[in-house]
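Asker: As a plain string of letters, each chain reads:
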Amino acid sequence: MNILIIVLMAMLTENFVLSKFLGICPFLGVSRRISTALGMSMAVLFVMLVASLLTYAIHIHILLPLDVSYLQTIVFILVIASTVQLTEMAIQKLSPGLYDALGIFLPLITTNCAVLGIAVLNVDRGYHLLEVLFFALGAAAGFGLALLLFAGLRETMETADIPKSFQGAAIALVTAGILSLAFMGFSGLAPTS
Amino acid sequence: MSALTFAGGIHPAYHKDRTSGLAVQAIPAPQEVIIPLSQHIGAPAKACVEPGAAVKVGQMIAESGGFVSAPVHSSVSGTMKAIEPRPGPMGVPVLCAIIENDGTDAAEDTAGTADWKTASVADLRQKIQSCGVVGMGGATFPTHVKLSPPPNKPIDTVILNGAECEPFLTADHRIMLEHTAAMVEGLQIITRILDAKHAVVGIEVNKPDALDAVRSACASTDIRVVPLQIKYPQGGEKQLISAVLRREVPSGGLPMDVGVVVQNAGTARAVQQAVTAGRPLYERILTVTGSAVPEPGNFLVRIGTPVATLLTHCGVSADRMGRLILGGPMMGFAQRHADVPVTKGTSGILAFLETESAILPPMACIRCGRCVRACPMRLVPSQIAACCDHRLFSHARAADAMDCMECGSCAHECPSRIPLVQKIRLVKAEILAARRKTA
Amino acid sequence: MTSMLIAISVLCGIGLAMALLLAVGKRAFAVEVDPRFEQLMDVIPGANCGGCGLPGCSGYASALLAGTAAPDACPPGGAELTMEIGRILGMEVTVREPEVALVRCAGGNSESPIRARYDGIDDCRAAHALAGGFKSCTHGCLGLGSCIAACTFNAIERTANGLVRIDPERCTGCRNCIAACPRHIIAMVPKKEVVHVLCINPDKAKDVKAVCTVGCTGCKICGKQSPRMVFDGALARVSTDANDPLDPSVALSCPQGSIYDAREYRLSDWLSSADTRKHFEERAAAWKEAEKARKAGARKEKPPKKDDDQPASSQQEVTP
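Heads up: the sequence lines are chains F, P and C, in that order. Final position of the first sequence in this note's numbering is 228; the numbers increase by one with none missing. Final position of the second sequence in this note's numbering is 521; the numbers increase by one with none missing. Final position of the third sequence in this note's numbering is 322; the numbers increase by one with none missing.
Bound conformation, chain F alone:
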């Protein structure tokens, strides 16, 4: 039950993009096409899972025993950045199509706040291994949901007559704001703590 709440919260009420405003960079950058958004979501899912587990392990087995948990942020950034670099290399080698689609946005997740955010939140909230796993899963799913919704909206906006001053990033941000407002409506789902 607890796990289900964690997943739902990570996905909807605490949506990383639309409620916590983390990971806005890829949210705006890779949302022009639904197909690329899907690829990006998959990359984020993978990175979030790996980063959460790695940072969790490092926190439990290195930082806590040595009583240096104040090194949390810098160590996590180091680990996550390296992991993403590795992922990038792997994708470039194994799936050039996906690499072309994501292009410069893969390095973008290297220092992505959403990924760092999940690592820090895991530790702060004192989740155990299973919870960490599902929190990452839920957060990535929430990120993917927001990204796909937004990409769909932007594809539809291509046929809209947008005033010149609003074209491009401006209308994208306005739309993102409205989408965020809509997600705020999920806050009623949050369990009373």
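Keep in mind that the hints are not guaranteed to be accurate.
Just some of the chain P residues that point at chain F, by a computed CB distance under 8 Å [claimed, not checked]:
(1) Q465
(2) A468
(3) C469
(4) H472
(5) L474
(6) H477
(7) A480
Hints listed in this document are in silico derivations from the structure and should not be mistaken for laboratory results. Bear in mind the structure is a predicted one, so any value in this text is a computation, not a measurement. C-beta atoms are modelled at their ideal positions from N, C-alpha and C, and glycine is treated no differently.
With chain F held as given, fit chains P and C onto it using these hints.
Answerer: Frame of chain F; chains P and C shown alone:
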């Protein structure tokens, strides 16, 4: 039995009262007829009479140019003056036979198949083909082709289209009233050729007299007469099938894919005349009406009669006429001038005053969704039109733009007066061009 | 002190481990990337106009490396880019003559009157599909601007006379407008060429004159002036096989005024200004007088040599 209908559609002002009560009047053949050699969908007919030769009424002057084609017959007796390009009803010049009428109306000897119930189906089909019968609702698809479905697509139902949903037109209405027996016999011939189990006549309830007449004519047969709700485009093939049989023709498919053939009331009469009397299609019944027509009516007209002659007959003065349309107001073709001839597909001639035909500038789409509700094909016209504006033709194809039949319901409903049909037509042309390029 | 050492060693340890991982990964997942790709991307304009016929500028760069695209295939880049590409790829390049698009129609609303009211949407393709358009000439420019919508460089504009014109300075030669025109009026011409026939109506003289006052009738008078005026049936055209621009006086010989002299007039004036037309007609009349006088003088001076210089028949046609 309550009246049937389909999903979507609109209720335009019908304006049928002026002519629906007027009996069909035969118009004397004009001094000169201009008979286009391509009056049907498919390959143009090939002229087979030299200029200068004498022709009789009903004589074949052009033979069909392929299977999907139809021969053309002379509508007067006299002398073939020339075969030359003349302005056609679609705006572009078409090859026409110009025949001078000698006024004798000497007719070609024709023989019918009185006993069509026992004659071979191939003979009947041949008869219909050689008489040049085409769909007379406006699409002018050669009828013999429609009556030759491939063997893997058996036809179980023939629907006779008596909806006449286009505003202003009353020609089919008059045919159903005045030529009821001929029309019903034509339907029986079509049913026999297709070996269909059921035959249905669909008539909109705004023609109660026609409903009664056809009902009593069909009383002794197993033909079903179905009242239809008054709605445009009730007479569209796919809409009629949906209303009468609750069957949906698949996207990109034909009525024969669901075992149905739809024929127009006028076509059924032409089939009957071709089979029982061997009489080629050289005249047709049409409606002349509109606000610029002082004396409107339904007329029996020789094919090839210039529209200008008919307008003069109805007392139209050219300077009062703001717009001239061949066909119905929804799907007909606006004309530049009246020097075009009546063809097999001309179901009506509409002349409007300048004040009635003003075109106001379009405004922005307000996303009211009325076009979506109106679309009988259940498309999203506003979206397809927006794809046209932004040249996103692949988006439009994904929105099933190719299923649009250009009935004009969306444009009629649009409060912003956006020319939706024009835009969708452009999108369709672009999609077809792209398809040709890749093929 | 110890806690500081611990912190330092933890950070260094993890950093070292990660560095090792990355080093191994780099080997394991090594992908050969041609360094010239980045160099090419730096020099290619990056407008993604599709003028090369490939999907975007990166597609062009890849095709260049694969050897499937020519180094002079990028119209916006021009000769400069061709040289750059040649340098990067280390190959011999020949610079192509720069070309611009030209709308080959001068028959505006005053020259080729409107024959039917058109209430449709502002799109040449829609108007053309509807019974061949609203203009008398079924080959001429409809001026509704399908090409303007297709141009990514803002090089095309409407004229007051119901035509469009392409600014040769802004045109990069990407050819998008050529595909957009339903009447195939737009064609590529050498940028340096100064004489153009602004008509593509292939009909006979009588039919052309019936629909337009500045249409080419195929009278072949210009052909007498220069062998570079070639004829496709009843339609004159400037051949593109010579290196030097054509002598603009050819334009003066045209009795219809369908040949445009870019050295003397601005295209926008030529298409819409009555004064320009008047000026041209005066010049053409003066030129014809001078020609006549020269010919007459030539005939008087050396009558016996006339037949050797030029065939008599052609002279008679030039001075009717």
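Asker: Look at each hint and say if it fits the structure.
Answerer: So, going through the hints one by one against the coordinates:
1. Evaluation of the P/Q465 hint against chain F yields a held restraint, the C-beta minimum of about 7 Å falling below 8 Å.
2. Residue-level restraint check for P/A468 holds (minimum Cβ-Cβ distance to chain F is 4 Å; threshold 8 Å).
3. Residue-level restraint check for P/C469 holds (minimum Cβ-Cβ distance to chain F is 6 Å; threshold 8 Å).
4. The beta carbon of P/H472 is positioned within 8 Å of a beta carbon in chain F (closest approach about 5 Å), and the interface hint is therefore held.
5. Checking P/L474 against chain F by beta carbon gives a least distance of about 6 Å; that is within 8 Å, so the hint holds.
6. A cut of 8 Å between beta carbons decides the hint on P/H477: the least distance to chain F is about 7 Å, and the hint holds.
7. Because the beta carbon of P/A480 sits about 11 Å from the nearest beta carbon in chain F, more than 8 Å, this interface hint is broken.
Of the numbered hints stated above, the single one contradicted by the structure is hint 7.
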